[in-house]
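**Q** Note that the protein sequences, when read in sequence, are chains A and B.
Each number in our numbering comes from the position in the first sequence (counting from 1) with 122 added on.
Each number in our numbering comes from the position in the second sequence (counting from 1) with 999 added on.
These aren't lab readings, by the way, just hints derived from the structure by calculation.
Idealized CB from N, CA, C, for every residue including glycine.
Watch out, some of these pointers could steer you wrong.
The calculated lysine-lysine pairs, modelled on PhoX-like cross-linking and capped at a C-alpha distance of 20 Å, are [stated by the list, open to error]:
hint : chain 1 : residue 1 : chain 2 : residue 2
1    : A       : K599      : A       : K522
2    : A       : K254      : B       : K1151
3    : B       : K1166     : A       : K254
4    : A       : K534      : A       : K489
5    : A       : K254      : B       : K1157
6    : A       : K253      : B       : K1124
7    : A       : K522      : A       : K575
8    : B       : K1153     : A       : K254
9    : A       : K797      : A       : K787
10   : B       : K1153     : A       : K253
11   : A       : K787      : A       : K774
12   : A       : K608      : A       : K534
13   : B       : K1151     : A       : K253
Facing chain B, according to a computed beta carbon distance under 7 Å, are these residues of chain A, among others [said to hold, decoys possible]:
hint : residue
14   : Q295
15   : K762
16   : R817
17   : G827
18   : A970
Below are the chains, spelled out letter by letter.
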Amino acid sequence: MPTIFIDGQELEVNEGENVLEACLNAGLDLPYFCWHPAMGSIGSCRQCALVQYQNEEDSRGRIIMGCMTPVTEGARFSLNAQNATQFREAVVESLMLNHPHDCPVCAEGGECHLQDMTVMVGHRDRRYTGKKNTYRNQYLGPLIHHEMNRCITCYRCERYYKDYAGGKDLGAQASHDHLYFGRHEEGLLESEFSGNLVEVCPTGVFTDKPFLKQYSRKWDLQSAPSICTGCAVGCNIAPGERYGKLKRVHNRYNHEVNGYFLCDRGRFGSGYVNSDSRLDYAGIKAADGSFMAVPQQQALDTVADWIKGKNVAAIGSPRASVEANYLLRELVGDKQFNAGFSDSEAQLMAAIRQILKTTKALNPSIKHIESADAILILGEDVTNTAPRVALALRQAIRNKSYQLAEQMGLPKWQDAAVRNLAQDQRSPMIIVSAMDTRLDDVASHCLSMAPDKIAEFGVAIVEAMAGESTSNKQAIKVAEILQSAKNPLIVSGASMQHWDIVNCAVAIAESLCSKKTSAMLSLCVNEANSIGSALLMPEEGPSLAQLIDNSPEVLLVMENDLERRLTKQQMQQLMADGTQVISMDILENATLGASDLVLPVASYAESQGTLVNMEGRAQRHFPVFEPSAERLSSWQWLLKIGAAIGHKKISKLQDFDQVVAACAKSHADFAELTKAAPDNSFRDRGLKIPRQTHRYSGRTAMNAGVNVHEPQQPHDNESPLAYSMEGLNRDQPASLTPYVWSPGWNSNQSLQKFQAEVDGPLKGGTAGQRLIASTGKGATKKATLAAVEMRAKHWQLVPMHRVHGSDELSVHTDEIAQLAGIGFVALGVAVAEKLGVTEGDGVVVATADTEVRLEVCILSRVAKNCIGYSAGYKETLALEAGSLATLSVAENWQRRQPQMIATDKVATSPVIGEGDSAHV
Amino acid sequence: MLSELRTMWEIFKHSFTRADTVEYPEEMPYLAPRYRGRIVLTRDPDGEERCVACNLCAAVCPVDCIALQKDTREDGTWYPEFFRINFSRCIMCGMCEEACPTYAIQLTPDFEMCEYDRQNMVYEKENLLINGVGKYPDYNFYRVSGVQTGFKDKGEAKNEAAPIDTKSLLP
């Protein structure tokens, strides 16, 4: 480790890092703008200036940029030399020349890196008397607000959006002091990761639009460490609440999971928590079919009365916490408990559970995925099913450029130089899918095949790798690519609901393992706690079909909309059977409507629970605020129900920690569940971790409109966090970091004060606990390829997941619903031409049992005999993956008005003013 | 002995001097315009609410007695949806006035705020807002600051040049 001197102070620094990183690691405050730990240095803002001296005698030195200067043994620098501090102040002064001075009405105010740096360098008075440049803003869709006047031209947005996230439609325009960052014309930002611009931009050019509608300052938000429930990746988030409303979701750093970035579903998809269709009170269905609100105790008494001594079955949920599912299983017993997957998914999840437990391949964290140097994706549109993984894959393909840079002796953080060196050379990424995926643009090979053919192709790859003769040249090529890699990664998943594809992915990964040690296998699953539910799925439990056929006297449904799991006939059968259905959920849905008794459940933001992500990492989310009305967490309802009926085991459990301990004790898979986060007894210097900032305002006025006598702050007796300002948000375990703030660093850049070192894990370690350790015996099963028999003029239905729209809960957020649009069928150009339809027209998709009218979406590559349909949309719930369908043009179809969405694609009629001529 | 006599003399003398106290409330004392009494929200010279709901007053308040929520008008300008001061907690320190970037919140020389019911000490926006500019007759934040509003386009704020044409190559 080299030693450098900063202002005479001797520092041991890491080999290969730059001086800015060295300073930040040493806890020194060196201002910066354009450098970002995940994106490296380009030296464009000139803010991190220091003085470097030739040797001990040199007293003049020269100004260098910290982020562009590698550390060398014995190098001498000064942070506080007068010319360095003057230089840094002058840089901020010039950045402020065009600043609109609108901080009071800027959503970045109070968490603005530009404000922090301006204060840090000591710039105060404006000397420039000339006029300020101004810019027109753009409409960038419902998620991002644009205010170009605030720009300091650091290029972070463009580098993030284009270079890091692979977006195409945002960039720098014009030149010299006319520089502009935006789209070529107004319209929705197409990237699924556009929301990160809010956090990447050091000032207020890009701000969170939904948050702006109900804005509160950062210091006024009550936050808690939480986990995104949008998909199975389990990104760590920090939602903020004020006045009983969930205001926004910010990224919470987890070194091994999401790092600095979230997808737009995670960031903007929590609006449903404030939805009007939330349940407030328990309800009992009256004779006329309407619900009558009843107090909590009456509801509990009724439930106890109904289920005591009866034949009770229960359906759990892969979007509810481990604890809630565990209690439900205990309540009704293994033989009456269904984990809540649809029957086809349940089989697949049982298989995936087995794979994760036994595979020879490495089950990677997202951080690990970024180290892959060859990627094979089988059947999965990762950007839409596990978005944050796709962002990691986009970084993994840069490993080629890092290899080249290493040969040249270039450090990895020299971002512009590394990109320049590599040009278009990327690590290979092979995508085998039925149709377009959102990673096609960076893939080295894209192959379109029907789901069955993908499995066949997988078998051919395994054969080719084993040296068996195969006629499939593409498979041989893919096998060669994978075998020549050091860290090959195979990605597949449950979204196609096709067991053979997953099995082939395992086979490929494991046969790579036999030659190399570190092949990785990442399997995407559908919901936030899919793996947790799979681990809790009893071997002898009934399938949904069996459960309905048994027609239990009472059925308990927890946080599960059965309309998404059952066929229409099954649903009708269930309702006609005279089974008393008790369901508990967050939002109104078809299952609640058909139930006899409903219980209102707290959302993830109001409750505590553990979710197991796709890699098997158990992570805990804590309540951000107290649930209003009579909502309770599912596990709280179940504890109360257990106590009301005097259940032997459950009535002994009093609080959350006891539930966790009981679960850890009774299931070997969850033995380490208690390590997911500290329990209620955790104290830091005698106090719990505060959810509120030390500057939380309005405490004696916020409720004064109702009653001037201030209510006592709610007590949190279940978690190590307090609804309070008291306590320290410092040095705690990583899973208990509600927000980041450090003196002088009000923006999210203060994260570096929480990291053990720049871009490293947090000082408190890494949040979460991996539950599944593979035995390494191997999980490959001999593939029995069952191909769907094709019929003339029929197409095979392939599910297409969408970031905005496929998820059950987030789509109840206004902005997400707007982006989701309506259910669609995706056709190849040839099929569309044959039918005579264009994008936006209507088509009737008819399967053996149902017929639906859907909007047409046209794709550039579609496998033969396949059509895609929007999975998880309410219009397409009746469609089943893999079934055959016929197509006909829908009559009387009303085209939707062209949206301000993906303007590049939507053909809008040109507006022709007087004297203008239309462009030809 | 001498000292006691002197004291009695001094007290006797005071019987003939003018009283410093006044017969409040019959006689009102003079309070300087900068006296820190009841808080008001003022309007800008154009008659609009000055408050832009920036939350700085609430943040600086040492007793946390100010609560507000930002909302947006149709033209994009910010204003407080509600603005509440709990005067039963207020210590009239004037820090909110100092923090206010728009001269919206001002303290007045009125201190007569006694109530029998403490709940009446909670003032909402309609109780706080006055129809005047208070101590600062000229200032309108939105005319100075570089944000687009209903009455001014980009480039029309103080010291601003017309919006840049990004398609032009001219300097």
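**Q** Decide, hint by hint, whether the structure agrees.
**A** Against the structure, the hints come out as follows:
A threshold of 20 Å between alpha carbons decides the hint, and for K599(A) with K522(A) the separation of about 18 Å falls inside it, so the pair holds. For a cut-off of 20 Å, the pair hint linking K254(A) to K1151(B) stands: about 15 Å separates their Cα positions. Simply put, K1166(B) and K254(A) have alpha-carbon atoms about 19 Å apart, close enough for the 20 Å limit, and the pair holds. Distance check on the hinted pair: K534(A) and K489(A) sit about 16 Å apart at the alpha-carbon level, within 20 Å; holds.
For the hint pairing K254(A) with K1157(B), the CA-to-CA distance comes to about 9 Å; that is within 20 Å, so the pair holds. At roughly 37 Å between alpha-carbon atoms, K253(A) and K1124(B) are farther apart than 20 Å, so this suggested pair is violated. Proximity of K522(A) to K575(A) is assessed by CA-CA distance (about 30 Å); at most 20 Å being required, the pair is judged violated. As the CA atoms of K1153(B) and K254(A) are separated by approximately 11 Å, the hinted pair is consistent with the 20 Å bound.
Restraint check for K797(A) and K787(A): satisfied, since their Cα atoms lie roughly 13 Å apart, inside the 20 Å limit. The suggested pairing of K1153(B) with K253(A) holds, with an alpha-carbon distance near 13 Å, which does not exceed 20 Å. Between K787(A) and K774(A) the CA atoms are separated by roughly 14 Å; this keeps the pair inside 20 Å, and the hint holds. In summary, the hint linking K608(A) to K534(A) is supported, as the alpha carbons are separated by about 19 Å, within the 20 Å threshold.
Restraint check: the Cα-Cα separation between K1151(B) and K253(A) comes to about 16 Å, which is no more than 20 Å; the hinted pair holds. Residue-level restraint check for Q295(A) holds (minimum Cβ-Cβ distance to chain B is 5 Å; threshold 7 Å). Interface restraint check for K762(A): the shortest CB-CB distance to chain B comes to about 34 Å, outside 7 Å, so the restraint is violated. Contact between R817(A) and chain B, as hinted, is supported at the beta carbon level, the nearest pair being about 6 Å apart and thus within 7 Å.
Annotation: G827(A) was flagged as interfacial toward chain B, and the flag holds, the nearest CB pair being 6 Å apart, inside 7 Å. With its C-beta approaching chain B no nearer than about 52 Å, A970(A) sits outside the 7 Å limit, and its interface hint is violated.
Hints 6, 7, 15, 18 from the earlier list are contradicted by this structure; the remaining hints agree with it.
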